[in-house]
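Same order as they appear, the protein sequences are chains A and B. Using full-length UniProt numbering, you'd call the opening residue of the first sequence number 1 and step up by one each time. Using full-length UniProt numbering, you'd call the opening residue of the second sequence number 1 and step up by one each time.
The set of hints was computed from the structure by calculation and includes no laboratory data. Since we're looking at a predicted model, the values are computed, not measured. Take these hints with a grain of salt, some might be off.
Just some of the chain B residues that point at chain A, by a computed CB distance under 8 Å [said to hold, decoys possible]:
{"hint": "1", "residue": "Ser113"}
{"hint": "2", "residue": "Leu122"}
{"hint": "3", "residue": "Gln236"}
{"hint": "4", "residue": "Ile248"}
{"hint": "5", "residue": "Pro251"}
Virtual Cβ for every residue (Gly too), placed ideally from N, Cα, C.
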Amino acid sequence: MAMIRQLIKYKLFLFGAVLIGGTFLASLFYFIFFNDQIPSSPLLYDDNGRPLHAPYSGIVYPPLGTDEFGRDIAAVMLVGAKYTIGAAFLISLLRVVPAIFIGVFIQLYLKGIKRPLKSIADSLTYFPITLLAFLLLNWVSLRGILFEEGAPPSGIQIIIYVAVLSLIFIPINSVLIANEVELIYNKEFIACSRTLGAGKWRIITKHIRPFLVPQLWIILIREFIQSLILMSHLGILSIFIGGVVFKENLFGNRAAVSLSSEWAGTLGMWWDYLWTSYPWIAFIPIGLITLLILAAKGMLDSLEHLLASEQPVQMEKAVKEEDVSLTHLTSFQLLKARNE
Amino acid sequence: MAASFDIFLRFFYVALGLIFLSAFVGLFTDGFHLDIGLFVSNVIGILESFVSPDELSIIGPNGKEYTIFLQFWDHYFYSLMIFLSAFLLALGAGILLAYITAFLPENRFNSVSKTVSLLEALPDLFIIIVIQFAVLFYFKQTGTLLFPVASTGQNKSYMLPVLALALIPSLMVYKVILFLVKDELEKPYVNLAKGKGISKSMLFFRHILRNIIPSIFSHSKSILLLLLSSMVIFEQIFNINGIFTFIITYPEPNVIAFTLILFYLPIFLLYALVTLLIGKTTGQRLEW
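Here chain A stands alone, though its shape is the one from the complex:
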């Protein structure tokens, strides 16, 4: 609690938290009160009464214009926000929470085989994560595209998506947390309390936990950013959360549409608008994701700054108090003599 009160003083943290939380809540409210309805624009006409063809720009159809189906882009983005933020948050939780238990377990009981474990987890570094996630998820979406019928239902697709994106990071995070625990475990006061008879359980809950928890917050926010980036990569490779449906656009062509209108999927869907005369459409989802990532990064930086400044400040104070008492000494006076 005290940590949060201190964090709120950081403008960047406040800004990030309000932006992410506010977007999520707004999207949720839209779901509750408007049932995620996406308004479609009617056919619009120019000044001479000739029909314009979609996509409309933000000037003709404020605030953000429409896509090729005449759907209001602002509404699409608002609907997708909760899936994007929710999925990224869920994925980062699932990456970190199991890793905590595995990491602590490795450090306490499997110390002997930590090195080989670490090296094998290392190999994940050289298997590009985007590629791995793509190969593991391709069968879900490929089926969706090839034989629309055979694809697993949308709910199961979401579960598979979240599970794959979180499970492949658990080994790396476990090793990371095991290292973190080792750092804390090697501190002097742990040796102290062990000689006084503290068991492993007491050391974990009473001594390691207070040091580990702030680190876990940092890891969690970092994972949030990483999963957003990974999701956007998968969007480019046309793997969308919740699968795709095929829809006829205004020209009568069938095109793949992300079912959940989640940002990463929309990003992949709309990327090619960059080469058309409507390039702004391509910028909207990537711009929003960038904003989300910057907000999270602002929170991360404030948190890191707070944690870095906390401990040294206390130590400096202690040193200074001592200094004050020392200044009363004349030069070359023995310290012991002070007590006499």
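Starting from the structure of chain A, add chain B where the hints point.
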């Protein structure tokens, strides 16, 4: 001797991990089969194809089997070229930027490092879209194409992908070096050197850089990770006919394992060489 054996063992572990991962990916090719037997046979298949590389084959568009070596080396060296140039460019640019800003007064230094820390979080896709749009916009306005935006069969584009790929990593390198330099500047030897009248560039490149190279080196792994992941997307967007596009088109377990181990090899050699060099010249043992 023990050290070089250690290095070799590391390569062995990573290769083993890559083989297991590729065999695991093989369980997902059509539908998901959680089948230990299939996994084991995948591992055996991968090992067999390493012994006799002729078995590394793909099914072409006409349904016939081809050996992968028809175009493989082309793809491989193209990707490797882009990857290594981006990596080295990021390192070089990061060091240069750090040199320019290292001796700024403290409040300016802090604001620079804060800004860089935020910018470094920009997703690579955002950078790509801005760069592609800028080139396109310039082309529309003036009619001259600064760089080829996407590769075609005959015309391989190097410049733009390398620049775009290196941008974020160079900011990361820059930030890491900035922090390391800040610590280093408080050490007594810097004061001594300044007192002796050594010039700033001499101080930075000769003394500070030499002391922080081991730390830069240990941080560089996270940059590799980022670069590798970005590579996959870059190949897609810039239409680069590289090794990762090859894997995406032909996701056979043995092809994946072979390709990734082959891609890891030069990275491993580079790291092993640098470790040996630094170990010889400074006596420091690097952790990576």
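Evaluated hints:
At about 10 Å, the closest approach between the beta carbon of serine 113 of chain B and any beta carbon in chain A exceeds 8 Å, and the interface hint on this residue is violated. At its closest, the beta carbon of leucine 122 of chain B sits 6 Å from a beta carbon of chain A; the interface hint therefore holds under the 8 Å criterion. Satisfaction of the interface hint for glutamine 236 of chain B is found here, the shortest Cβ-Cβ separation to chain A being roughly 6 Å, below the 8 Å cut-off. This hint holds: isoleucine 248 of chain B has a C-beta 7 Å from the nearest C-beta of chain A, less than the 8 Å allowed.
A distance limit of 8 Å between C-beta atoms decides the matter here; for proline 251 of chain B the minimum to chain A is near 6 Å, and the interface restraint holds.
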